[in-house]
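In the order they appear, the protein sequences are chains R and B.
Once you know that position 381 of the first sequence is 1685 in the numbering used here, the rest is easy, because the numbers rise by one and skip nothing.
Once you know that position 161 of the second sequence is 575 in the numbering used here, the rest is easy, because the numbers rise by one and skip nothing.
Just to be clear, a hint being listed does not mean it is correct.
[To be verified] Listed below are the simulated EDC-like cross-link pairs for lysine to aspartate or glutamate, each with C-alpha atoms no more than 16 Å apart in a straight line:
no., chain 1, residue 1, chain 2, residue 2
1, R, LYS1673, B, ASP797
2, R, LYS1673, B, GLU666
3, B, LYS732, B, ASP779
4, R, LYS1673, B, ASP779
[Claimed, not checked] If we take Cβ atoms under 7 Å as the criterion, some of the chain R residues that face chain B in the derived model are:
no., residue
5, ARG1630
6, ARG1631
7, PRO1637
8, SER1638
9, SER1642
10, ASN1645
11, GLY1686
12, ARG1688
13, ARG1690
14, ASP1748
15, ILE1754
No lab work stands behind these hints, which were simulated from the structure alone.
In this text, all values refer to a predicted model and were calculated from it rather than measured experimentally.
The C-beta atom is built at its ideal place from N, Cα and C for all residues, glycine as well.
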Amino acid sequence: MAGIVRYSSYVPEFRLERGDIAAALGQKAKGARTVAAYDQDTTTLAVEAALSFAPSCRTANSLWFATTAPAYVDKVNATAIHAALQLRSDIAAVDLGTSVRGGATALAAAARDGGLAVLADTRGGHVGGADERGGGDASAAFLFGDDDVAAELVATASVTAEFLDRWRDRSDSGSSVWEERFGEERYLELLEQLLAQLCARGVNPTSVSRFAVASPNGRAVRSANKLLSGWTQTQAADARGLDVLGNVGAAQPGLLLADLLDSADEGDTLLLVSLADGADAIVLRATAKLNAAKSRTLREQLDGGTSISYAQYLVWKGRVQGERPRRPDPDRPSAPYSWRNRDYKLALRGGRCRSCGAVAYPVPAVCHKCREKSFETVSAIGQRARVVTTTVDHLAFSPSPPLVSAVVSFEAGGRIQCELTDVRSAPLVGDEVVPTFRRGATVDGIHNYIWKARPVVADQERGAQ
Amino acid sequence: MAQHSLRDRVAIVAMGCTRFAEHFDVSAEQLAVDVVGETLDGAGMTTDQVDAFWLGTYISGISGMALARPLKVQGKPITRVENMCATGSEALRAAVYAVASGAVDVAMAVGVEKLKDTGYAGLLSPKIQDDGTRVNTSAPANFSFLAPAYKQRYDVSSETFRDAMTHVAWKNHANGALNPRAQFRKAVDKETIARAPVVAGDLGVFDCSGVADGAAAAIVVRAEDAYKYTDTPLFVKALSLVTGSGSGIADEEYDFTTFDEVVSCARTAYEQAGITDPCGQLALAEVHDCFTPTEIVLMEDLGFSKRGEAWSDVLAGKYDRDGDLPVNPDGGLKSFGHPVGASGLRMLFECWLQLRGEAGDRQLDTDGRTMALTQNLGGAPGDCVCFIAIVGTSVSSQSTE
């Protein structure tokens, strides 16, 4: 029986008060949105989502990456995700264009062949505007397969129609929308067709225990919730569509589905609807294995967070340029060097000496302890590490100074010097950290993907592997 | 296989040193011409009488031609050497070996650095292609790793360790104030030092060495020829270099409270020079105080202080100009400035002045002690090169080599 085997959502550490954004235009707004750190993009967010079950991901038969904000064009972004998660080399890794609908497509595609769907987005818009306030940055990942299924796939359905609800020219920094009521009408028509398909495929409306609707069109979400409440005789899991997070574009269906799964019990039937240039639905039934498949829940991740100012947000997003340090720009990474060292650079692999057991990152030519030359591969991903010594560097180049660095010691041996990120205050010797995939400086358009370490945020991360 | 002492086989017969400063109006070439001229004058020599030259420069020139071109020296062997911040010492080492081997009669070591043409803050490193995984922390950040580790290991409070760091900067600034060649010739009060803007970790602006342009040079000959050139030569008692394998980051036994390279380098140097009680036998030590915690840790690594006690010896004034063992009486990297390729030879220049009674206002009472030590470091904790030289005013009686 095919279905979801493992899943997780990821919410970045930072929050921005919508009121701070609105104030730039002399307006008011309520609540906060999520913000990815200066060193995160959709590629790194995608990796972070799947990190808690990375070892399981090696069963994936395909990788489908959905985002509206790809780090590269021309070049596939899913390959970096594939490398960081150490997926099998004999599978395809695919970016699904740059449309909001890509999120639902990734789920449907991965469901078909036991693939891994990663949905990540960073949503902004015109400065001070509704999209910038209402957007969010987050990600979710779903591994499909036939064994140890946590949520069985009951049915999928799709309908398509061409009309203008929301669009963006590549040169524009924000999207445009037609009158929301126009799109709302179209989406409700499509939803009726979608539900008819589901019925035809044997889905009994009243068997649905919980549902959620993703769409960039807020009115359509509210109307669809109403319609589905009648159809299913139950209420939307979150009628406000994860307003606490902000709308995460192509990742929105993923976060809603993760939230549905987080609170589901064995036997629950879950319906996820996505309304974006068409309509897509996926129906799942929770099995006895769901609890074991859960990672840190979305709601747990929403607690806390670190507030940043609107000015900081604009600098991080490159909308305004901060003062440059009196230090040279970093060099671009060498492509051949990066390729040769890919096991360390992208997958944080090192070597354990077969003679004396000493661990070194990356795999050295010669052991630093006994000078033997034979190593077995070890991976630091998923391990906890402790800070051996640390510093906050106000002189070095960083896209968001100061640069915080530490020497960290992994629980299974080996030490590296790395940057620390998501730190609220100067770290201390002995602090616990975990590896996190981040983007270093971008030079000549090359994004320098590297592993950093971040503070351990919750007990749920203990033994997540 | 063993290293052998060259004790008393080679003598320094002349030295020179420019002022270290932001010489915006002087080129690296002019600094080289000036320092070579000053040094040759001291021995009454011309470039024709020098058989071979070694140029130490970190980022200010490539190949021996960087020295041959400005001097217009023809037909001589000139080599550029580089060993990070120990580059100047590396030039001396090569010159001494050339003389000791018998290959040449007279050799000259020249260290030159022009740091202030970059327009950037702090020190730059030569660019080597990599994959972007190396953390580009600055030099002060790398050395600031010492402070949290040291405080933790020896249970020293942040306030006390701050006081010890402040004392090092205060001492070296006070020493530099008496030195006409120093970059910063101004005493700085302790409160200013302790409250300076933060650069990295616990390090404030006054915990960091001065970024300067400058040059220093030495002429070496066989010991038996020394008195042809001067009545007061210095004899090379020890030359020791240890190049770390860079495993400090990976090695779980390394705890960032010491420089293993310095410990083993000092052991070799003391053995070569016959030193068993450094504090009792050395008149002064010029050490690599690139950042104030470095000087504290070096006091232990060089055997001047017991492990875990350097901070308290520093605070007690043991290394002040009037203390048991004056350390960096010329102001050190802290206030003399740190033109990388010149610094190793600059340290030696202070020994040259002090042991020969020529240090003017800052002349130490050497109390019958006739030897001095220079210790020059390049790299970062856990990943460095260390050079140590010991020089003395007379040939040791038990020297038989």
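Hints, verified against the model:
no.	hint	in the structure
1	R:LYS1673 with B:ASP797	15 Å, holds
2	R:LYS1673 with B:GLU666	10 Å, holds
3	B:LYS732 with B:ASP779	15 Å, holds
4	R:LYS1673 with B:ASP779	46 Å, violated
5	ARG1630	4 Å, holds
6	ARG1631	5 Å, holds
7	PRO1637	3 Å, holds
8	SER1638	4 Å, holds
9	SER1642	4 Å, holds
10	ASN1645	5 Å, holds
11	GLY1686	19 Å, violated
12	ARG1688	15 Å, violated
13	ARG1690	11 Å, violated
14	ASP1748	12 Å, violated
15	ILE1754	6 Å, holds
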